[in-house]
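In case you want the letters, here they are:
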Amino acid sequence: MNIQGENKTQNRVVALLPLWVVIGIFMIGPLLVMAVVSLMKSNVYGGVHFEFSLDGYKQILFDTNLFGEREFNPAYVIIIGRSFVLASLATIISFIIGFPAAYYISRQSKKVKDILIFLVTVPFWTNLLIRTFAWIIILGKGGVIESSFIFLGFINEGDTLNLMYTNSAILIGLVYSYLPLMVLPIYASMEKMDMRLLEAAADLYSSRISLIRKVILPLSMPGIIGGCILVFVPCLGAFIAPDLLGGGKKLLLGSLIQFQFASARNWSFGAAVAMVLLLLVILVLFFNARINKKHRDYETQG
Amino acid sequence: MNDKKINAIEIKNVTKVYGAGNSSVKALKGVDLTIYDNEFFTLLGPSGCGKTTLLRLIAGFEDITEGNIKLFNEEIISLPPNKRPVNTVFQHYALFPHLNIYENVAFALRRLNKNKDEIERRTNEVLKLVQMESFSKRKPNQLSGGQQQRVALARALAPEPKVLLLDEPLSSLDLKLRQAMRVELKNLQRDTGITFVFVTHDQEEALTMSDRIAVISNGEIQQIGKPEDIYENPNNQFVANFIGEVNLLSGICLKNGENGSCKLDTGHEIYLVIPQSVEEGEAITVFIRPERITINKSLSEKSLTSISGFTYVGNAAHVELLSNNQIINATLPIDRVKDFKKGDLIEIEFPKDHAQVINK
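Heads up: the sequence lines are chains A and B, in that order. Taking this note's numbering, the leading residue of the first sequence gets 1, the next gets one more, and so forth. Taking this note's numbering, the leading residue of the second sequence gets 1, the next gets one more, and so forth.
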């Protein structure tokens, strides 16, 4: 028995080897490179000098003024804060739209369900950049919204609603981009929900509202948590919607990092911000894991 | 029982059709049924016969296609399930997995906005009734099937429904537990005085617990009656076959009336009551329960009947008798089991009072 057990352990290690290689090359490797880059001196022409330095991290909080003195610079902290607020709002709005949508889809017949889920995934077939450009046409000056408002006489010709290049425009872009990632996991947990529980709740005098609040919401919690992570985390690092729809006027974490690597040629600072972003994401996931634990025990019902 | 019966549920000409067009299925075909207050009423039938559909129509989970259902003289077919004063014990319990036992049982009381003291009093009361008060903090998945069953029962009883609907609640329990729960359910019904409508495909369950039984097949009611009526005087061959062991022997009517007689295909000539409507020489089917047949050792070597199969089942023995290439089943009482063995030549005594002509 013992020998067999050891063999099993060995087999498992061998069998899992390809997985570790893939994870090593594609996940841990790049992260290590980033971590190393963030601890180097930056090179003005791109790349880094191989010399240890904490400059990248210091630059997040401090700035050097004309006299060579180091002073507190809140600009990047504000960017981090703004990113958090926007990502949270985008997550909340996605939930408000996505939860009823997922519920509606899950209550349809098998055929309709398949079509609707297919439609939810259709946007993924086109590049995100192009889809976000489409929003410029919708929101922009003389765009779809403004011209229909003018047509309906809500605003005068030549006036503008100033929809573009605002936090709202960014928010719309973020919600649009990541809404499917909210709908799909919630749908998945509603799909496997026992419909007899809904009948039981109705039988036990639940109104429609208490049916949703007391049964559907708690039972789809694993999906809701999954959906929130899938929306919140990429929103935190998003740069396409903020750049195109926010006009880059108000920087977000994602745009800041992208800017440091692509334009400002300050790799070590960009890498340092990326590491901070990673830390924030890990913190969020950690909190989430603690909430999730509460819901785990009934999920494994046999 | 009261002389004056109150109608708890009146089902009038109820039809239920699933789907539309060519693919539509008629689950119920014009069912008429009255269930009295305080009654343990069982809907019995094979799977797919429409018994669960009928229960779901009473609970409000399905829309009725045609007909009417009244609950204590009030029409309920237009009410959603949450507005009907009936509760259901589901086949697979359907306990809320995210709530503990106490909250599961208190669920309906909370939805009805009862006050705090009342909720606590009633919840503990029903938990005690099903002997689950010490489990109130557990989650459903921490309980065994039998325990979940009790909680499901307590949950449905908590809001004091006028009628309790039970959808094959014992089907997923093992035999011992099922037998124990039968007695408990019956006692519970007597003690609470609530009308129980019980759906099952298990004839033994139906016979042991019910005040009255409706046997359903193909969306139609075959017979309604007390367990002993249904067992002793089945309306037709389906009911006779579905409930218990049975002999359905074909033969020719020799003489009709009170002192009628007929010649069975087995070669036996027996005496029984044959309705006047049956003419002499007409083919008939005779119904006899195996335990009503008495067998004796044959004294002559020329007997036409022999024991072709012998199955010992502990408290009795089932014997298969072969006569004229026809099989007759009989049950031997325990004290006579050792007198017979396979291959014995025997004589059959047919009971006049317990043999009857039965319709198709």
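Hints in this document: simulated from the structure, not taken from any laboratory. If you're wondering where the values come from, they're calculated on a predicted model, not measured in any experiment. Accuracy of the hints is not assured; some may be wrong.
Said to hold, decoys possible - If you anchor each label on the Cβ, the simulated ranges turn out as follows: (1) Thr34/B x Lys113/A: 40 to 46 Å; (2) Glu74/B x Ile96/A: 38 to 44 Å; (3) Ile96/A x Asn124/B: 38 to 44 Å; (4) Thr34/B x Pro100/A: 56 to 62 Å; (5) Ser277/B x Lys110/A: 49 to 55 Å; (6) Lys26/B x Leu285/A: 31 to 37 Å; (7) Pro85/B x Pro100/A: 50 to 56 Å.
All C-beta atoms, glycine included, are put in the ideal place defined by N, C-alpha and C.
Tested hints:
no.	hint	in the structure
1	Thr34/B x Lys113/A: 40 to 46 Å	41 Å, holds
2	Glu74/B x Ile96/A: 38 to 44 Å	40 Å, holds
3	Ile96/A x Asn124/B: 38 to 44 Å	39 Å, holds
4	Thr34/B x Pro100/A: 56 to 62 Å	43 Å, violated
5	Ser277/B x Lys110/A: 49 to 55 Å	53 Å, holds
6	Lys26/B x Leu285/A: 31 to 37 Å	55 Å, violated
7	Pro85/B x Pro100/A: 50 to 56 Å	31 Å, violated
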